[in-house]
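**Student:** Letter by letter, the chains look like this.
There are 2 protein chains.
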Amino acid sequence: MEFNFSKKVLGLKPSAIREILKYTADPSVIPFAAGNPAPDAFPVKAVEEISEKILKENPILALQYSITEGYPPLREALKEDLIKRGCFDPEVDDLIITSGAQQANELSAKVFCDEGDTLLCEAPSFIGSLNAFKSYNVNLVGVQLDSDGINLEKLEETIKAQKCVKLLYLIPNFQNPTGLTMSLEKRKAVYELARKYDFVILEDDPYGDLRFAGEEIPSIKSMDTDGRVIYSRTFSKILAPGIRVGYVAAPKEIISKIIVCKQVSDVHTNIWAQVVAERFIATCDMDKHFADLRKIYKRKCDLMIKGLEENFSSKVKFTRPEGGLFIWCTLPEGSDMMGFCKKAVADYKVAVVPGNAFLVDDNELSTSFRINFSTPTDEQIVKGCEILGKLSKEMFGE
Amino acid sequence: MEFNFSKKVLGLKPSAIREILKYTADPSVIPFAAGNPAPDAFPVKAVEEISEKILKENPILALQYSITEGYPPLREALKEDLIKRGCFDPEVDDLIITSGAQQANELSAKVFCDEGDTLLCEAPSFIGSLNAFKSYNVNLVGVQLDSDGINLEKLEETIKAQKCVKLLYLIPNFQNPTGLTMSLEKRKAVYELARKYDFVILEDDPYGDLRFAGEEIPSIKSMDTDGRVIYSRTFSKILAPGIRVGYVAAPKEIISKIIVCKQVSDVHTNIWAQVVAERFIATCDMDKHFADLRKIYKRKCDLMIKGLEENFSSKVKFTRPEGGLFIWCTLPEGSDMMGFCKKAVADYKVAVVPGNAFLVDDNELSTSFRINFSTPTDEQIVKGCEILGKLSKEMFGE
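Each protein sequence line maps, in turn, to chains Z and A. If you number the first sequence the way my numbering does, the last residue is 668 and the count never jumps. If you number the second sequence the way my numbering does, the last residue is 668 and the count never jumps.
Hints in this document: simulated from the structure, not taken from any laboratory. Careful, some of the hints might be misleading.
Any copy, or any two copies together, can satisfy a pair, since identical chains are not distinguished.
What the hints assert, rightly or not - Capping the alpha-carbon separation at 20 Å, the derived lysine to any residue pairs in SDA-like fashion look like this:
#, residue 1, residue 2
1, K565, F482
2, K466, A561
3, K292, E339
4, K522, E361
5, K568, G497
6, K326, F312
7, K466, F275
8, K323, P313
9, K404, V279
Turn these sequences into a full structure, and let the hints steer you where they fit.
**Tutor:** As structure tokens, then:
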């Protein structure tokens, strides 16, 4: 039969970069296109011990239906942690567990946006969130990202030009895909714009604990005096992404709506994984764990930056992230970025993600591409940079 | 600040039965209102051994990001199983893993329904699915459920009266909340109506493997010659609900849209749980496991039916399910069902779910209520039936 699908789903077009992504399944391809945490960053031993103990001592807790809000001891522990970080006001805020930060971001859009409502994001931004927003048929508008964060003039222009701006989606720390971090001044200024034009900020902070250089910058959530910031975080990068445990803190009224939507989406997040996460933060030395993670990511990032410096054409610019997983490379103006990426993967077996994939309309032109230093081995980082560097010199000279 | 929530979320009103549900947190209340699988039905030992082995032998598989479609060996095993049941045509169909059947049902609505499109369901039906459908602002219309399934005349009348009927949602086996099973004749007739009026059937079968009496009846999916049936199933009742692993089989074109929506919803289902589910069905004697489960559920159902027969006023009617978890009780016409339920929980500490909770508009009148035999202990079943019986005789005579 002919299917009459919903408009919102028909609007989700296949990605313009699928031709490149199909190469990434080949294990001989160097995976600079990925976004996986480093496998050696997983606390396997701790998870093993914790899981065994839970299933021995309280299996029904880990296997039976649970409540939508999440495992109460985990929620309490995370609230305490956010209070210490100045990101949670128990009088105003609530916090629930989600199936990854992906669900937190998707449900924030569902809770606020009717079809056609405007949702603003950085351009470029995280493709998974952009697609989640698009799946609700919102008017998604990207605003230019500068090296210190979203461009304020362009942001205000866009707000004035668009109708019914409901949400502004931001990844202030080590942004995906660029690795850039929003300055303190910009965070303050963006928050003031949210007050002036009365919209809500969705602050996505998946990499916040992976800062390996520079000074910590307060979250926008920590500046929120009105109760207009939704703050989503995840265990994906500090414990394991496969268990799909994230969380979101926001004013109680917003959380109560997100709970209703989460209940109809998956009832609750895998409770076994929630108990493991709770036991993990309760019993492990988290300061040491974070220090270990930062050491791994710093080493891999430094190695990749060194590879880029030593091998790349001087015409290619790249970001120097202070944390996270990604570096953003930009080819000379007017150059054939897609040609570069296709050649890299098809001829030289190094996969990178073309920059247009991170734009609201991936048919827009971009001269940038994203590379990742957490997934490849150290050897692959060295070799991949040599290959990409050689290709860049062939195309753009020394 | 004042929040400007989306219309679809504002349409999700707090339940009319919340006054009753608040009592269910009290552990001294007999939990006839619940819907949890029996804790003694969980294969705890097997899960423990499987989980330990996975984390020892291949921890990264269980902890790293995975693909949206689900763990390939689990998908293959489930396809094989459905082929044996006559419910899967490899030429036409595909199958993906979802975070519980809840997600399969929610995403089916998202994939097909724009705001205002019509989605039909049995009246009464499963509240979790009804709320999922409502969260997309669809025109949700309930059709009278008879003892052998949905009323065909009313169904055809409703189809003719409504615009743009996209989906018909059915739970043919041991329906939630009524415990009723749709006859073979009705399944065939409903499928013919779907052909005649060209809509898709969403067949939800969470309890199919829990048949403890009567003859198995072929699924509507097994009759599907056009490719117009979506078939959702779950591990919640045969392994454990807390791990949130379900699956959905449907024509490839539909599955490809559901995959896109699942990706933006939670990226993928907890992969650790998927590997456990795969190892469970691969290594355990499933025939014996199902036989064990059916024995547990049959014993508990028989005990409850006996309690109802021995204690209830003859004016109260109830269903005699051939499987599943629920019995549906109906008080005499015109009686104060809500008064009965409130008295039962507030004065006598037995919680049941008022029948109006399962209607599209829970302000509609109902004289029925749902009771569950899988959650309470055998002792609680006996005592709860005595208490409800006494109350029924007080209110309606012998």
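**Student:** Determine which of the earlier numbered hints do not hold for this structure and return their numbers in increasing order.
**Tutor:** Violated hints (numbers, rising): 2, 5; every other hint is consistent with the structure.
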